[in-house]
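Below are the chains, spelled out letter by letter.
2 protein chains.
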Amino acid sequence: MDQLSTTFSALADPTRRAILARLAQGEASVAELSQPFSISPPAVTKHLKVLQKAGLITQSRQAQWRPCKLEAAPLHEVADFIAQYRQFWEQSLDRLDSYLQTLQAQEKKHGKKSAK
Amino acid sequence: MDQLSTTFSALADPTRRAILARLAQGEASVAELSQPFSISPPAVTKHLKVLQKAGLITQSRQAQWRPCKLEAAPLHEVADFIAQYRQFWEQSLDRLDSYLQTLQAQEKKHGKKSAK
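First to last, the protein sequences are chains A and B.
1 is the number of the first residue of the first sequence in the working numbering; add one for each residue after it.
1 is the number of the first residue of the second sequence in the working numbering; add one for each residue after it.
Calculated from the structure, these hints are not laboratory results.
Please note: incorrect hints may appear among the correct ones.
Note that the list lumps identical chains together, so a pair holds whenever it fits in one copy or between two copies.
What the hints assert, rightly or not - Each computed SDA-like pair below joins lysine to any residue, with the alpha-carbon atoms no more than 20 Å apart: (1) K49 with K69; (2) K53 with E71; (3) K108 with R17; (4) K46 with K69; (5) K69 with R86; (6) K53 with F88.
Starting from the given sequences, assemble the full structure and let the hints guide the process.
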C-alpha cells in the first residue's frame with residue numbers, strides 16, 4: 001500500500017486517533033495509553049502496531065517503560081493532500097455566507113415594512 | 001462508523017483519491033471516470049459507492065448522463081483534524097532547518113580555515 005493510503009487507513013479508527021491526541025501531549029507508555037480506553041492493553045498494542053507501521057508513532061527501545069512518541073511527518077503529507085481541496089469547502093462556506101446575508105437583508109426589509 | 005473514520009477509510013485508496021482529483025476539475029460521468037484507470041466501469045462504480053457513502057461525492061439523478069460531483073465538506077473536517085498536529089511537523093522542519101544551518105556554518109568555518 002502507498003504511504004498516503006496507509007496513513008489514511010491508520011487514521012480511520014477513533015481509538016487510534018485518541019491515542020495520537022494523547023501522544024500529542026507527550027510520550028506515554030502502553031499502560032498509560034490503555035488507561036483512558038475501556039479496552040485491554042493487548043488491544044491497545046494492536047492499534048499501536050498499526051500506527052507504528054504507518055510511521056505515525058515510534059516506540060523507544062532504550063527506556064525500560066518503552067514510551068511511545070508521536071511522529072507527525074505522515075500527517076504533513078495528509079495536510080498537503082487536503083490543501084488541494086481547500087477552495088472547494090471555502091466556496092461552499094462563501095455560498096452559505098451570502099445566503100445568510102440575503103436572508104438577513106430580507107428580514108431587515110420585512111422588519112421595516114411591518115414597522116410602518 | 002463515525003464520519004471522520006468513514007472519510008479516512010474512503011480516502012485510503014489511490015483510485016478513490018484519483019477520482020476525487022478528477023472531480024475537482026469538474027463534474028464527470030462514470031464512463032468518463034473509468035477512462036483514465038485500467039479498471040472496469042463496475043469497479044469504478046464500487047469505488048464511487050464508497051465515496052458516496054462517505055459524502056465525498058454526489059451523483060445527479062436528473063441529467064441522463066448522471067454526472068458525479070465532488071462534495072468537499074467531509075474534507076473540511078479532515079483539515080480541522082490535521083490542523084491540531086501542524087505544530088508537530090513544523091517543529092521537525094524547524095529542527096531540520098537549524099541542523100542544516102549548523103552544517104552550513106561548520107562548512108563556512110572549515111572553508112575559511114583551509115583558505116588560510
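Item to check | Structure versus earlier hints, numbers of those that do not hold, lowest first | outcome: 3
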